[in-house]
Amino acid sequence: IHSNLIYFREPLKNPKFTERAIEISCSPSANAQAVNLIHVQTDKSNMAAFLSVGWGLMADIDIESERWRKSLGSNRFVLGGLIRAL
41 IHSNLIYFRE
51 PLKNPKFTER
61 AIEISCSPSA
71 NAQAVNLIHV
81 QTDKSNMAAF
91 LSVGWGLMAD
101 IDIESERWRK
111 SLGSNRFVLG
121 GLIRAL
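The sequence shown begins at 41 in the working numbering and counts up by one.
Hints were generated in silico from the structure; no laboratory data involved.
Just so you know, these numbers come straight off a predicted model, no measurement behind them.
Check before you lean on any hint, since a few could be wrong.
[What the hints assert, rightly or not] Derived DEER-like restraints, expressed as beta-carbon distance ranges:
{"hint": "1", "residue 1": "Tyr47", "residue 2": "Leu77", "range": "11 to 21 Å"}
{"hint": "2", "residue 1": "Ala72", "residue 2": "Leu126", "range": "19 to 29 Å"}
{"hint": "3", "residue 1": "Trp108", "residue 2": "Ala88", "range": "26 to 36 Å"}
{"hint": "4", "residue 1": "Met98", "residue 2": "Ala70", "range": "31 to 41 Å"}
{"hint": "5", "residue 1": "Ile78", "residue 2": "Lys110", "range": "25 to 35 Å"}
{"hint": "6", "residue 1": "Val118", "residue 2": "Pro68", "range": "47 to 57 Å"}
We treat Cβ as the ideally placed atom computed from N, Cα and C, and that holds for glycine.
Construct all of the structure, not just a fragment, from the sequences and the given hints.
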């Protein structure tokens, strides 16, 4: 929906946002795009992010696990991922 609103240059703070979003999405000229999202639910909040955030996490694990490169080799990613998950 967001990409359609941007395409049609609609303000995101439009008071009738939902109505206009549905109208645009159902329009024959709507241009659908596949979007990869990640959803994270914690006790305090729900978050959604684009694929780039997932790649950022992988990059962080790569950088943070560099210190174990000589001793663990490619297994450093597993350890780094587990540490990040905990």
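Query raised in the report: At the C-beta level, are Met98 and Ala70 separated by a distance inside 31 to 41 Å?
Result: Hint holds: Cβ distance 32 Å, inside 31 to 41 Å.
Requested in this report: Confirm or reject the claim that Tyr47 and Leu77 have a C-beta distance inside 11 to 21 Å.
Outcome: About 18 Å separates the Cβ atoms of Tyr47 and Leu77, which means 11 to 21 Å holds.
Query raised in the report: For the pair Ile78 and Lys110, does the Cβ-Cβ distance stay inside 25 to 35 Å?
Result: holds, 32 Å
Requested in this report: Confirm or reject the claim that Trp108 and Ala88 have a C-beta distance inside 26 to 36 Å.
Outcome: holds, 32 Å
Report task. Just tell me: holds or violated, for the beta carbon distance of Val118 and Pro68 against 47 to 57 Å? Result -> Given a distance of about 49 Å, which is inside 47 to 57 Å, the answer is holds.
Report task. Determine whether the Cβ-Cβ distance between Ala72 and Leu126 falls within the hinted range of 19 to 29 Å. Result -> Check failed, 38 Å falls outside 19 to 29 Å.
Checked against the numbered hints given earlier, the structure breaks only hint 2 and satisfies all the rest.
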